[in-house]
Amino acid sequence: GNSVTQMEGPVTLSEEAFLTINCTYTATGYPSLFWYVQYPGEGLQLLLKATKADDKGSNKGFEATYRKETTSFHLEKGSVQVSDSAVYFCALSGDSGGSNYKLTFGKGTLLTVNP
Amino acid sequence: DAGVTQSPTHLIKTRGQQVTLRCSPKSGHDTVSWYQQALGQGPQFIFQYYEEEERQRGNFPDRFSGHQFPNYSSELNVNALLLGDSALYLCASSFNGLYLNYEQYFGPGTRLTVT
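Protein sequences appear in the order of chains X and Z.
Going by our numbering, the first residue of the first sequence is number 36, and it counts up by one from there.
Going by our numbering, the first residue of the second sequence is number 670, and it counts up by one from there.
For reference, chain X alone in the conformation it holds in the complex (with noise of 0.2 Å):
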């Protein structure tokens, strides 16, 4: 079945530092991929998302590729601020059976962003 690997946290960067939180993935067929971030007591929020391999997704500062020779999507942001402070999900969904509607997530990785 699907599964997702996250580097396991906690992570704790000074503000202005550069992010990266490795996610790998198994899956058949053709998924697309997402990351989540979970700000403390909250729901999860969508960050970004790439459907097909090489997509770059984008938002708020984040970046994450679609790596499918390496079946990968890091997040990368170049200069965390202190809001940044969340756990970060790393998901995939679908294939080209088209019966596979779930999410499946990776553990969370914590990030921690100090003045």
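Source of the hints: derived by calculation from the structure; they are not laboratory data.
Errors might be hidden in some of the hints.
What the hints assert, rightly or not - Taking lysine-lysine and the DSSO-like style, the derived pairs with C-alpha atoms no more than 27 Å apart in a straight line are: (1) X:K91 with X:K103; (2) X:K112 with X:K142; (3) X:K95 with Z:K682; (4) X:K142 with X:K103; (5) Z:K695 with X:K95; (6) X:K142 with X:K95; (7) X:K87 with Z:K695; (8) X:K91 with X:K142; (9) X:K112 with X:K91.
Once you've looked at the hints, dock chain Z against the given chain X.
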């Protein structure tokens, strides 16, 4: 435009009891999915409802059941509660459009504690 709403926000139940959680999808959405998020883990897919029928189900026992109403809102029912059912229950809505890999928008969740 209201997003996904869930009720109640918090709930405390005793082992063996039954619970019903409710979800109203984002305006324009017709599909509702339910996820269970244990503390420190990624969300796990429970099931998805479309056209008032369960379309896909994750690896959860029959104690977990659901319903979708004609207005697309949904309920999640859990019978014979176990301590291990304590978790954040997330509802996500989406639109079953032309593309299968559609985005899911999450509600804030219901925190269920079983004592």
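Are K142 (chain X) and K103 (chain X) close enough, with their CA atoms no more than 27 Å apart?
holds (21 Å)
With a cut-off of 27 Å on the C-alpha distance, tell me whether K142 (chain X) and K95 (chain X) pass.
OK: K142 (chain X) and K95 (chain X) at ~23 Å, within 27 Å.
Quick one, are K95 (chain X) and K682 (chain Z) close enough, alpha carbons at most 27 Å?
Given that 27 Å is the threshold and the Cα spacing comes to 40 Å, the pair is violated.
K91 (chain X) and K142 (chain X) were given as a pair; does the straight-line alpha-carbon distance stay at or below 27 Å?
holds (22 Å)
For K87 (chain X) and K695 (chain Z), compute the direct alpha-carbon distance and say whether it is at most 27 Å.
Measuring from Cα to Cα gives roughly 26 Å; hence the hint holds.
Given the hint that K112 (chain X) pairs with K91 (chain X), does the C-alpha gap stay at or below 27 Å?
It holds: about 13 Å lies between the C-alpha atoms, which stays within 27 Å.
Checking one constraint from the list: CA of K695 (chain Z) to CA of K95 (chain X), max 27 Å. Satisfied?
holds (23 Å)
Given the hint that K91 (chain X) pairs with K103 (chain X), does the C-alpha gap stay at or below 27 Å?
This hinted pair holds, its Cα atoms lying about 12 Å apart.
Are the Cα positions of K112 (chain X) and K142 (chain X) separated by 27 Å at most?
Satisfied, since the Cα-Cα distance of roughly 20 Å is no more than 27 Å.
Violated hints amount to a single one, hint 3; each of the other numbered hints is respected by the structure.
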